[in-house]
Amino acid sequence: MEMTQKQGTIQNHFFSDMSVMLGRSMRHIFRSLDTIITVTIMPIAMMLLFVYVFGGAIQTGTANYVNYLVPGILLIAIASGISYTAFRLFIDVQRGIIERFRSMPIAPSTLLWGHVLTSLVSNAISLVVIMLVALLMGFRSSAGILSWLAVVGILALFTLALTWVAVIAGLTAKSTDGAGAFSYPLIFLPFISSAFVPTRTMPPVVRAFAENQPVTAIVDSIRALLAGQPVSQDIWVALAWCVGILVVAYIFAMRAYKKRAS
Amino acid sequence: MQNIAIQVNDIQKSYKKLNVLKGVNFTVDQGSIFALLGSNGAGKTTLINILTTLLKQDGGTAMVNGFDVASQPAHVRQSFSLTGQAAAVDEMLTGRENLIMIARLRHVTQPRQVADDLLTRFGLTDAANRRVSTYSGGMRRRLDLAMSLVGTPPILFLDEPTTGLDPEGRIEVWNMVKELADGGRTVFLTTQYLDEAEQLADHIAILHEGKIIASGTLMELKKRFPPAQKEYVEKQPTLEEIFLAIIGKKEAL
Chain W
1 MEMTQKQGTI
11 QNHFFSDMSV
21 MLGRSMRHIF
31 RSLDTIITVT
41 IMPIAMMLLF
51 VYVFGGAIQT
61 GTANYVNYLV
71 PGILLIAIAS
81 GISYTAFRLF
91 IDVQRGIIER
101 FRSMPIAPST
111 LLWGHVLTSL
121 VSNAISLVVI
131 MLVALLMGFR
141 SSAGILSWLA
151 VVGILALFTL
161 ALTWVAVIAG
171 LTAKSTDGAG
181 AFSYPLIFLP
191 FISSAFVPTR
201 TMPPVVRAFA
211 ENQPVTAIVD
221 SIRALLAGQP
231 VSQDIWVALA
241 WCVGILVVAY
251 IFAMRAYKKR
261 AS
Chain H
1 MQNIAIQVND
11 IQKSYKKLNV
21 LKGVNFTVDQ
31 GSIFALLGSN
41 GAGKTTLINI
51 LTTLLKQDGG
61 TAMVNGFDVA
71 SQPAHVRQSF
81 SLTGQAAAVD
91 EMLTGRENLI
101 MIARLRHVTQ
111 PRQVADDLLT
121 RFGLTDAANR
131 RVSTYSGGMR
141 RRLDLAMSLV
151 GTPPILFLDE
161 PTTGLDPEGR
171 IEVWNMVKEL
181 ADGGRTVFLT
191 TQYLDEAEQL
201 ADHIAILHEG
211 KIIASGTLME
221 LKKRFPPAQK
231 EYVEKQPTLE
241 EIFLAIIGKK
251 EAL
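From first to last, the protein sequence lines stand for chains W and H.
Residues 1 to 262 in the working numbering are what the first sequence lists, from first letter to last.
Residues 1 to 253 in the working numbering are what the second sequence lists, from first letter to last.
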């Protein structure tokens, strides 16, 4: 009886502590709005470039290239957005604020979860702005509410998975530049996928890579959902990738966090 | 008989091949000010990190407030707060927000009230709504000390509390530490300044090359080591005294 009571209070504190941490890093975001703006503008610029400069020459087999492009642009936005999570966490480590929290009677993972939830919120803000610009550029969707919910779910899961990768980078980086640099390959991945052009025009080796990396499965699923088409088994491949990355990254992130105390 | 706040038995720690702590022993009485004196790299911060559960020792045991740091870290963490070199304040938040954040994390009943009281007590009311990144070194250290008083933990660890402060800031911190100990708290501080240990501590231990080479009250240490010598010299003011006198005059104007 006493045991369960004790666990109960610890649970309660976990959520209240985490909300304090979330509030803290959200304040950081709103006091450095330039980070959100950077994260939002880069994908928008890319979208403008691809639609109005390259788009005319790209044969996707669809009438509306903006519709084709949007899923990939969203993933690029997420990949660049999470690099700021790594950056903020690295600053916490470097300044020593993390040591203060770790020396206090609070659940050890609350600081990390605070950063992770902040990443979800700030990426959601960027994605909403990008979608609004896409609408202005002619994006249209016939998807129903369930399909939209599925899209939001996949994007949230993808953000969550990559954010935990960012946590590893933030905890183990040796410099500010290093903390952000891990995201460059992630930003680049959509280019070697079905995000901008169909994979069938690519040479065999590149095509094999493109079709078997996570971005293609995720992009194809989101595209089908937004177009109101039936999704193929792509969605299971996409979910498997996201959950797989999430689990592995979470384990390594927690290990990196605990390793600081050995 | 006095109760023991901190007991350290044969603590050892090495980083790869570097043997930092080679069997450290001492006890700290409840309600006293204990100074761990040592030069840079002597292992002071390593020891404080072990006592505050940030680091695990390789050998030996340490008890803080009756709890074992290795096997009961959660209980240990409820017994102390840590300030100084190892722990920082949040630069993006204001002074008040920093205090409220810590008050919430320590689950005190009225976080805002606690924050306001501490701001007043540490002379930070005017700066309360400014971001900490605009604070001077002395103000930051005051905020840092204020943060470690939230929730009134019985033991305070101060890791080099005056390093990097100007003479006025140092004296300010000294006065606060004395005040805290008068209130019944146990203060464990590390320092590389001899005069700081002399000014503050009831008990001094000297850490050198991973071992405590001397330990006792100031009087005991004085008796044991260099024999007292009588010298007749004209008492000249120190540069510090001159500096403080000039500054004091200016502020009086």
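In short, the hints are calculated from the structure, not lab data.
Bear in mind the structure is a predicted one, so any value in this text is a computation, not a measurement.
For every residue, glycine included, the Cβ atom is placed at its ideal position computed from N, Cα and C.
Certain hints may be false.
Stated by the list, open to error - Taking CB as the label site, the calculated pair distances span: (1) W/256 to H/30: 52 to 60 Å; (2) W/201 to H/91: 27 to 35 Å; (3) H/182 to W/94: 49 to 57 Å; (4) H/117 to W/30: 22 to 30 Å.
As the list claims (entries may be wrong) - Derived BS3-like pairs: lysine-lysine, alpha-carbon spacing no greater than 30 Å straight-line: (5) H/235 to W/258; (6) H/178 to H/222; (7) W/174 to H/17; (8) W/174 to H/22; (9) H/56 to W/258.
Please work out if residue 174 of chain W and residue 22 of chain H have their alpha carbons no farther apart than 30 Å. Holds, at about 29 Å.
Can the suggested window of 22 to 30 Å be confirmed for the beta-carbon pair residue 117 of chain H and residue 30 of chain W? Hint holds: Cβ distance 28 Å, inside 22 to 30 Å.
Looking only at beta-carbon atoms, does the pair residue 182 of chain H, residue 94 of chain W fall within the given range of 49 to 57 Å? The hint (49 to 57 Å, Cβ to Cβ) is violated, given that residue 182 of chain H and residue 94 of chain W are roughly 36 Å apart.
Proposed proximity, residue 222 of chain H with residue 178 of chain H (alpha carbon, max 30 Å): holds, 22 Å
Run the distance test for residue 174 of chain W versus residue 17 of chain H: straight-line Cα separation, threshold 30 Å. holds, 22 Å
Satisfaction of hint between residue 258 of chain W and residue 235 of chain H, Cα-Cα up to 30 Å: Violated, at about 55 Å.
Could you say whether the range 52 to 60 Å given as a hint is met by the Cβ separation of residue 256 of chain W and residue 30 of chain H? The hinted range 52 to 60 Å is violated for residue 256 of chain W and residue 30 of chain H, with Cβ atoms some 37 Å apart.
Between residue 201 of chain W and residue 91 of chain H, is the Cβ distance one that fits in 27 to 35 Å? At 50 Å between Cβs, range violated.
Starting from residue 56 of chain H, check that the Cα of residue 258 of chain W is at most 30 Å away, please. holds, 11 Å
Hint compliance for this structure: hints 1, 2, 3, 5 are not met, and every other hint is.
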